[in-house]
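Residue numbers (my numbering), protein chains in the order written: chain A, 1 to 387; chain B, 388 to 638; chain C, 639 to 997.
These are calculated hints, taken from the structure and not from any lab test. One or more hints might be untrue.
Stated by the list, open to error - Covered by chain B, according to a simulated footprint, are these stretches of chain C (three or more residues, beta-carbon under 8 Å):
(1) 899-905
(2) 914-921
(3) 938-944
Note that the structure is predicted; figures quoted are calculated from it, not measured. Using N, Cα and C, we set each Cβ at its ideal position, and we do this for glycine too.
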Amino acid sequence: MFKLLRNQKVRNALLQALYVGALGALVIAGTLIARQNLAAQGITSGFDFLFKSTGWDLGFSLLPASANDPYWWYFIIGILNTLFLGSFGLALATLVGMIVGLAQTSANDLAKLLGRTYVDVFRNIPLILQVFFWYALITHLPPPRSAHEGWGMLLTSRGLYLPAPNVGGLALLAASLAVVAAIVLPIWLGRTSLLSRPLGQRFSVQLAAVAAALVCAVLFLFAGRLPDSPLLDLPSLQGLNLRGGLRIPPEFSALVVAIAIYGGSYIGEIVRGGFKAVGKGQVEAASSLGLTPWQVFTLVRLPLALRAMLPILANQYVWLMKATTMGIAVGFTDFFMITALTINHSGQTLEAIGILMAGFLAINLSLAALFNRINKAIALKGNQLRG
Amino acid sequence: MTVPTTQEIAVRVEGMSKYYGTFHALRDINLTVARGEKIVVCGPSGSGKSTMIRCINRLEEHNAGSIMVLGTELNDDVGNIDEIRREVGMVFQHFNLFPHMTVLENCVLAPMLVRKMPRAEAEATARRYLEKVRIPEQASKYPGQLSGGQQQRVAIARSLCMQPQIMLFDEPTSALDPEMISEVLDVMVTLASEGMTMICVTHEMGFARRVADRVIFMDAGEIVEEAPPEIFFTSAKSERTQLFLSQVLGH
Amino acid sequence: MEMVVVAPPASGKLEDLKRRFFATPRQAVISLLSLSVIVFLVWKLLNWAVFSAVFDASGGPDACHAASGACWSVIAARWRIIFFGLYPYEEQWRSALACVTVVAMTVLSCIPAFWTGRRIALVWGVGAAVFYVLMKGGLLGLGFVGEEMWGGLALTLFIFVTTCLVGFPLAICLALLRRSELPWISRTTGLIIDGVRSLPLISILFTFAIVLPFALPQWLQGDKLYRVILGSALFFSAYQAEIVRGGMQGVPRGQEEAAMALGLSYWHRISRILLPQAMRNALPATINQFVISFKETSLVIIVGFFEILASGNAAYGTGEWRFAYVEVYAFIAMIYFVFVFSLSRYGAFLERRMSVGER
Ligand SMILES: Nc1ncnc2c1ncn2[C@@H]1O[C@H](COP(=O)(O)OP(=O)(O)OP(=O)(O)O)[C@@H](O)[C@H]1O
Ligand SMILES: [Mg+2]
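Generate the whole structure from the sequences, applying the supplied hints.
Take a look at the structure:
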């Protein structure tokens with residue numbers, strides 16, 4: 001027996017069995033105890049609750065929702081809200097980060113100073129503090145009756161009111177697809193081998209495609225406009241309330257602004273790192289070929305820098321996506337808040353947590369897969385390059 | 388050749404085979420090394436020399452056959468492995484000194500931890516061996532501050548501090564600049580003359596001629612030739628050995 | 639330097655300026671734009687924070703309404719709640735002293751002389767013990783103050799320190815398990831690490847604070863504070879484990895082989911050879927991780943703790959100071975900034991020093 005324990009193979013097998021077994025036992029014991037505790041409170045385990053109506057209302061929702069709707073519908077709304085907030089936040093953060101990063105890599109010392117200061121200030125203040133700050137700022141705006149006005153918009157403590165197009169839902173969808181096409185088409189045209197024109201000489205084709213897509217978008221909007229109403233629905237004060245327009249609630253704007261500013265500081269650093277990784281030799285070689293500074297930037301520095309920063313950027317995006325859970329701090333009904341509310345109201349603790357984990361796993365994995373594809377597509381070919 | 392008795396056998400390898408996945412790296416290796424014997428192993432790159440001597444102190448696990456070291460069988464028994472590693476020292480091509488410790492700390496570490504030697508005694512031993520490899524004055528430096536040849540001599544001293552009965556050398560001089568090779572070889576020659584059992588993988592044929600009791604030629608995972616140096620270098624039996632020798636000695 | 643005094647031409651400074659900022663029309667535009675932004679921001683900020691600000695608390699909120707600048711009197715009136723939360727008034731010196739302990743501890747662990755496993759563990763172990771005794775009392779004639787009374791900066795620091803104290807060893811364990819040669823161990827650990835890393839910290843804190851009590855027998859539940867700290871430590875360790883593992887991958891394989899050949903046991907190989915080198919490799923990333931997790935302690939507000947952000951909300955949230963939220967948030971931001979910025983500067987300094995020191 002003792003001899004057996006001294007055997008390396010036996011030891012290894014024993015160790016592995018012990019480790020995995022102990023962890024498994026822990027999980028199983030936890031689940032069993034939890035089920036017992038929950039059953040004592042009259043909560044039956046299982047996913048049947050997903051089809052019961054919730055009985056509570058949502059603060060923010062992209063799709064119609066009422067207290068009669070079942071839980072599964074709320075979860076879908078939650079995921080959509082998270083993705084919606086995330087994509088807005090990420091897009092704005094990327095924009096801010098690009099500007100800050102470019103300022104930091106600029107040859108101009110004053111611009112550099114500005115970029116550096118921005119990064120140092122906003123990166124070193126916790127995101128949730130920034131969320132609270134912006135939320136407080138917006139909710140301390142004047143009430144609707146003395147709102148700030150401008151360009152058809154209203155800025156009040158109840159949110160930002162934007163002019164909304166009076167257009168049917170389907171037409172709006174078609175129009176937004178056309179706008180997306182206006183962005184994607186020229187990129188695709190620039191890379192495809194279907195055209196006989198050589199790469200780099202397709203500007204006119206790309207321009208035509210963009211124009212066509214945009215015209216389509218406008219046509220869709222006109223075709224789908226609601227009868228007997230102006231094209232734009234302007235928000236206005238009626239009595240003590242605001243009518244019309246598109247309301248962007250304070251929770252959402254506070255989160256988007258905070259994520260854009262905080263994320264921008266991180267992305268700014270990533271962009272700076274990306275440009276720093278581009279070898280001096282490449283830039284010198286390009287200039288010596290007679291390219292103008294703008295050409296050197298767009299044709300050499302930017303493409304190389306993008307490749308260098310993409311993997312880190314992907315991590316940052318995942319992080320920012322997870323940061324949308326801070327919505328619960330200001331009452332934005334994102335995926336996490338819906339989970340928390342579900343647990344509060346239905347008591348289906350284990351199931352709800354399971355759904356939450358699965359949801360975030362799915363979001364993370366798809367983001368990672370997306371970035372892997374992009375990365376593969378743009379990676380420099382071959383491995384014979386020297387720095 | 389006289390057949391050594393069990394008492395006198397340092398290493399006995401019988402029918403040993405080793406696979407990396409499906410790649411057959413060592414085939415049916417048979418080798419007996421008597422105490423005090425000096426073996427030089429040579430052969431073309433990738434022939435399995437390193438793999439073979441790394442099997443002797445279980446840096447690699449063999450898949451078939453048996454290995455006896457100093458009368459202890461090298462098998463899955465952890466106690467045996469520990470015992471054998473205590474008695475077998477090894478010197479690597481790339482020195483593998485611990486860069487975060489001074490030369491002296493490198494030398495006293497194992498005796499203190501493994502042999503439970505008190506620090507004073509361990510340091511005295513270490514200084515003695517550093518003297519022997521002719522760098523007593525470098526004791527308080529860090530490995531990164533020494534030349535390659537000095538580092539390799541420290542590595543030899545570090546192994547000797549464990550007072551092993553067998554020393555394994557895996558191409559100890561091939562990472563060194565030519566002018567540093569001889570200082571390391573000199574140390575090895577001294578060691579050999581003091582009766583240490585040594586198995587050296589090396590391409591230094593001069594060293595082989597001077598100290599080896601037997602030279603072993605390996606190719607494609609097999610021992611192809613095994614002979615005393617005077618025979619090995621003049622009348623090798625196999626063609627592959629002759630080809631190899633003409634390449635190594637040719638220029 | 640002073641020997642090569644060659645009197646610069648009279649216009650030297652001006653020339654230099656011109657070359658640096660006005661070399662091309664584009665540069666000139668960027669310079670002017672940046673300059674105006676800088677001047678505008680600095681002026682606005684100074685005007686708000688200093689020139690038109692009210693510092694004196696004696697005027698009360700009314701004095702602030704009259705002024706156009708910042709109302710720092712809210713800080714003067716409410717700093718105790720921000721720093722100490724609900725900690726009993728007469729005992730708040732203990733809370734302050736506890737905060738000083740943490741700062742001292744952090745400074746000590748930035749000194750290279752303390753960078754051995756034993757010393758750093760000693761500093762943090764003793765520091766945390768002193769902190770705990772000071773805060774909780776019931777010993778040495780100090781009155782007892784339960785955890786539910788802790789708050790403000792002291793609570794933030796407590797959560798941070800204990801998170802690191804529990805999370806760091808855990809991270810090393812996880813990293814070792816993940817690089818184990820035994821496939822089941824390394825795969826299971828990998829699953830745990832990746833699983834935790836893919837979840838948002840808030841959801842983990844929530845799970846530990848609110849869900850875990852269901853899954854634990856009564857006697858194991860413990861205080862909510864310690865469960866949350868455990869969750870935060872788990873999250874920290876999942877990230878830190880990957881950093882440590884990265885550091886381990888930077889240690890050449892030969893190091894461990896040499897240690898094996900010398901007959902060192904597994905634990906000696908890990909503790910004497912692998913970890914010291916791996917931690918050195920991982921140091922900059924580790925400091926970065928500390929910075930991040932310090933900022934993330936603020937998330938415990940969501941599971942209902944009265945840390946510095948929550949106490950800030952309370953400081954302006956009641957009655958008369960309602961309007962002074964900007965000042966309170968700015969003040970808390972400053973506190974975070976001081977901690978985080980100095981730590982991250984230190985990390986950058988180390989990184990530069992190490993990249994220079996490489997040979
Ligand atoms: N860890 C490993 N995994 C897979 N194959 C290996 C491994 N180590 C060695 N090999 C293979 O085993 C064979 C023998 O390798 P070994 O290192 O023993 O050669 P060698 O004779 O020492 O060569 P050299 O003179 O170049 O050091 C080689 O073909 C090598 O590719
Ligand atoms: Mg070899």
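Here is what the structure says about each hint:
1. 899-905: With 5 residues close enough to chain B, the hint holds.
2. 914-921: holds (count 3)
3. 938-944: Per the Cβ count (0), the hint is violated.
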